[in-house]
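Each chain is listed here by its residues.
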Amino acid sequence: MATYRTSRNIEASIIEYIQSQLTLGGWSNISVVKSFQRVYEIPLDTFTKSGALCVRIENTSNLPAEIGDTATRIQPLVFIDVFAVNDGQRLDLKDFLVSILKAGLPYTEYVVNGNTITSRTPNGRIRITKIDDKPVLFTKDKSALAVYDRYRHLLTLIVSLGRVEA
Amino acid sequence: MALQIKYFDGDSFKDIQALVSQHEEAVKKQIYDLGEQTAQFMRDTIDQEKVRPQADEPTTLEDLIQTEYFDDGGWGVGDMDDLDENAPYWLAVNYGSDHMVGKIVPQGEFAPGNPEPDPNNFRKGRWKKGQGKHLFVVKNPIPAMNYIEKTINWLQEKFASIVF
Numbered sequence: 000m001a002t003y004r005t006s007r008n009i010e011a012s013i014i015e016y017i018q019s020q021l022t023l024g025g026w027s028n029i030s031v032v033k034s035f036q037r038v039y040e041i042p043l044d045t046f047t048k049s050g051a052l053c054v055r056i057e058n059t060s061n062l063p064a065e066i067g068d069t070a071t072r073i074q075p076l077v078f079i080d081v082f083a084v085n086d087g088q089r090l091d092l093k094d095f096l097v098s099i100l101k102a103g104l105p106y107t108e109y110v111v112n113g114n115t116i117t118s119r120t121p122n123g124r125i126r127i128t129k130i131d132d133k134p135v136l137f138t139k140d141k142s143a144l145a146v147y148d149r150y151r152h153l154l155t156l157i158v159s160l161g162r163v164e165a
Numbered sequence: 000m001a002l003q004i005k006y007f008d009g010d011s012f013k014d015i016q017a018l019v020s021q022h023e024e025a026v027k028k029q030i031y032d033l034g035e036q037t038a039q040f041m042r043d044t045i046d047q048e049k050v051r052p053q054a055d056e057p058t059t060l061e062d063l064i065q066t067e068y069f070d071d072g073g074w075g076v077g078d079m080d081d082l083d084e085n086a087p088y089w090l091a092v093n094y095g096s097d098h099m100v101g102k103i104v105p106q107g108e109f110a111p112g113n114p115e116p117d118p119n120n121f122r123k124g125r126w127k128k129g130q131g132k133h134l135f136v137v138k139n140p141i142p143a144m145n146y147i148e149k150t151i152n153w154l155q156e157k158f159a160s161i162v163f
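These protein sequence lines map, in sequence, to chains A and B. So the first sequence is numbered by numbering that gives the first Met the number 0: it starts at 0 and just counts up by one. So the second sequence is numbered by numbering that gives the first Met the number 0: it starts at 0 and just counts up by one.
So here's chain B without its partners, still in its complex pose:
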């Protein structure tokens, strides 16, 4: 005779196993769906926290943040090689950087709004190189947005709500 262990409310291990199997597919589906939700959260974070108007500029960084699904059912967000090639500033936007401070920007103008560099119009326009004949020296570092860490934090909370 074997010793039979039961959970405190009387369920046997077999009962618990059956309960887990019953929910397995639903949990897998929720984790799969999290892939696109995670990419969307990251895109939304960038969109909400950018400090300059988008105007008619392409949303290159956001557009590159896509979900890639793997054969084993896993997924990832953002292809780093693709980001390095097409939006090489993705790390500077995430971690902040002063790599531009002290440098003279290529000739251009701000748009929309006042085309000339003007402290009274701070962050009211984007620099469009080649469009105007203005120049300025960059004084302020790029602030850290930490969109990656914020997304990881969000994902951990979502994942915990599914699994536990």
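The following block holds chain A by itself, in its conformation from the complex:
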């Protein structure tokens, strides 16, 4: 049994939230993973319109909450890579993601056993304090690119739990 700490809870909360919103929004065949390498194991298929999203937490700013105390407010930097099968899907997916994320999402604390989640405890909300999104353009000639790199987009989020970490 393992109890996720804050960063992994945020990462898993975002992944689960996006998965549920994709289903509610009528998106099918969009995989959501947390490892960059795993994206490349998912077959992108133009016919079935199967795309992929990768959610990663990278740097976290630990800001002092008040003078004379070691408590901090954390501000993780979250990357969401969009791997689409065409330009239309890329734009629709990134707009959809912005629309579902901008109001924030539930923060859940997880306990896992191997690959199985044994407990989910809601404990507040993840607030999105900033969203930037931009296309990833390796070159203008998309036909020269590998399939995974043709229609990519990157969302950069700064998130907050709106509370102090002791």
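No wet-lab data here; the hints were simulated from the structure. For clarity, every value in this text was computed on a predicted model and none was experimentally measured. A few of these clues could be false.
As the list claims (entries may be wrong) - Within a straight-line C-alpha distance of at most 16 Å, the following computed EDC-like cross-link-like pairs (lysine to aspartate or glutamate) qualify:
(1) A:Lys129 / B:Glu156
(2) A:Lys139 / B:Glu35
(3) B:Lys157 / B:Glu35
(4) A:Lys139 / B:Glu156
For chain A, the structure is supplied; the task is to place chain B on it using the hints.
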């Protein structure tokens, strides 16, 4: 008679203006200095997050990340034309890419360490083409380092601490 508006602690707009002017030069200097600090942060990010030993290979990408100052007092970091020409992999390192997956690398060897391709020595050496007679097929994509976005995030925090 004109209506005189004062800030809540009694300062007039003129007092506030004088206070802002007093700090203007210091703020300009701090923003100017951020130029080199930003380039350094970006270079450090690449240096710390690279996954293979540098060995005696040149740090081409880091060396190309320099600050360019403009006549209007502004600055920029990294000349994209220069990067495109001399370190064309700069985007692949930042965003990650699988453009090499499935391809056979040019003949060479790994150094330092075991010269032969060996899963047990994953990321322990760099591929030096032309030095040996080994070949392998690339299996893993280049992971995204996002050194540009991390630097932008760092810069925004620094900038806010100066201005606000």
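Going down the list of hints, with the structure as the test:
With a C-alpha separation of about 12 Å, the suggested pairing of lysine 129 of chain A with glutamate 156 of chain B holds against the 16 Å cut-off. Note on lysine 139 of chain A and glutamate 35 of chain B: the hinted pairing is violated, with a Cα-Cα distance of about 31 Å set against a maximum of 16 Å. The suggested pairing of lysine 157 of chain B with glutamate 35 of chain B holds, with an alpha-carbon distance near 13 Å, which does not exceed 16 Å. A threshold of 16 Å between alpha carbons decides the hint, and for lysine 139 of chain A with glutamate 156 of chain B the separation of about 33 Å lies outside it, so the pair is violated.
Comparing the model with each earlier hint shows violations of hints 2 and 4; every other hint is respected.
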